[in-house]
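Asker: Here is what each chain is made of, one letter per residue.
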Amino acid sequence: MADDLLADLLDEVSAPVRVGVTGRPGAGRGTVRRALRGAGAAVVDRGEPAEIDVYVFCETFTREDIAALSAARRPIVAVLNKADLTCLRGDGPMVIAAQRCRELQRRAGVPTRPLAALLAVAASPGGLDRSIVEALGNVTVEPARLMPAVCRRLLAELDLFGIAVASTAVSGGADPVALAALLRTVSGVEAVLDEIERASAPIRYRRLVGTLAGMAEHAVGPRGARVAEFLASDAVVLARMAAAEKVVGRSDGCTDHLRRAIHWQRYASGPVAALHRACGTDISRGALRLWVRAGGCPESIP
Amino acid sequence: MSDEWETILVIGPACSGATSVAGLLRARFGEYRVVEQLGPGEHPAAVVFVVSAAAPMVESDARLLDAAAAHTDAVVVAVSKIDVHRRWRQVLEANRARYARLAWVGVAADPHVGQVKVELLVEQLRALLTRQARLPRKPLRSKESQLRTRTALALATRSQVQQSRVQISGQVRAVCIALRTDLRNEAAEVTRCEVDEFCSRVRRRVVNAAAELDATLTDRLTRLADGVELTTPSLPPLESYLPRFCPPRLENRLTVLLSAGFGLGAALTLGRLFAEFAPSWTPAVIGGALAGGIALTVWVIRSRRLLAERAALDRWVTEVTAGLRAAIDERALTRLLEAESALAAVAAAGEFPDLPRFTNPTRRDRT
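Protein sequences appear in the order of chains A and B.
Numbering-wise, my numbering comes out as the position in the first sequence, counting from 1, plus 5.
Here my numbering is used: position 277 in the second sequence is 276, and no number is missing along the way.
Careful, some of the hints might be misleading.
Claimed, not checked - Which stretches of chain A does chain B cover? Using the computed rule of at least three CB atoms under 8 Å from a CB of chain B, they are:
hint	region
1	22-31
2	60-68
3	81-94
In case anyone wonders, no lab produced these hints; they're calculated from the structure.
The structure presented is a predicted model; accordingly, all values stated were derived computationally and were not measured.
Virtual Cβ for every residue (Gly too), placed ideally from N, Cα, C.
The whole structure should be built from the sequences, with the hints applied where relevant.
Answerer: Here's what the structure looks like:
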């Protein structure tokens, strides 16, 4: 019974967070949507309800971008798209775009990451077909033997920086799988996904807490005893603790559970938002359970 | 030609590449000053607005373009970074749909791939500047900017009028205070036979001061109107603001009565005192005491009357200068109001006092 409940709970909580893509017109929202979908994010279509937003812009923030970011009601991640065209000199476009993103993040106070959505789309399953890979092999051959149509396709699907990276890799002997992995790394989509994951921690925590609260309604009467038992079990308390730790962004891994419990209890009673207060309490409670499990003996205060 | 024709403004939103474009234009337009920012009151001969080809323009870019192009028709919009953004033509078309009247060109001023491409921009800009040099200058472009300029003019007129109001009232106050102090000093030294003369002198000086202030006001209004003819409103005459001098008659009568009593008392006291000391001289003592009493009475009456008249004159001078101030203030306010409404009417009609002279709008509707 408890295992079934736990499995349901896990399913519900671990369901992917719905990502909506908004942003500046012409900045490549469609491509970013495809790129994130290809990379495994649960991207919703336009107009569908989302839980987290990805705001797409290019080059730098305009006034409209800043206004949209500061008016966001949901967790939001800003994505500097077309990062592969930032600057084709020096350290390369992605490094320069990453630097620019750090500055922009300081300015807007919103997590900002660079992305070459075109490369991420190419790296997604089915993004690169055999003919493209062959054509990439021919790019570095002197003189290049490429049909104009193939040339256009390469430009449309990889653009200049993508062609440079991919053709170098292919001429170095990379197979399609390795090429896709390389493009995925270069595109910066991993960092965007990490950022989305980080921003969705509060959503997951709220989901867990909401579901548990829903279950608590059934924990009354003779048949509710087992539900109540389940809700008070170590598994649930530790699951809450894990979700809360992701929200506060700290998993200190401290083995002195009692000290940890005291620390988080103090944190919860400090000047923090309601969400963080709840998280602090949950971590503290989880740490106490771990302490008892490790042999701690609670004493009643006289 | 003045300086304002010799500037080319190169401007654009952040990261648009305006600096690179300005650098290239500086090398190609040696005869012009290519700037990225205008000085106060400076108007460019032409504006090059630079937008990136990364994405179509947004509202804030459009606002910047409107502001930059507010004072000139010679605007070229350069879509930059066409070396890396392959879809720059679509971006350009999307932008052009919004500003179809402007000249649009693609540029690569600091290319990462391929050659510098600014020749088309240089060509367009040269053509525009040549055309601009031939045409008489059109100061204002759109209805919106005309409206803005009109509003600015109306505001400027208003602020000038208000400044004049403050300055004139300050001047009136200073003149009136000086006049009052002067006249009060004179009133304190006036003798009985000079009272009438003093009164006419006060009147003369007040009329002179009023005429002087009126002249200052007219001068200021003429400068303010700068070509617009202003009517002088009819106002009540200055005399109606100035009180007449009334000698203190009742007080004088009372003074006579009291002084006579005082003289009689003094004569009786002295007569009895001297009669005690020299009884044989009694008739002479009576005559002397009477004469002394009468002399004392006359002196007291004269002194008291002079002091009373000086006090009355002092009060009258204060009232007269206050009347003068009220009269001039009213006159100044009325005339400034007239001037303001006349200037506002001119500004609203779209004519500008700082441009070549124009005719006064008909003002027959005023009665």
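Asker: For which of the previously enumerated hints does the structure constitute a violation, in increasing order of number?
Answerer: Every hint satisfied by this model.
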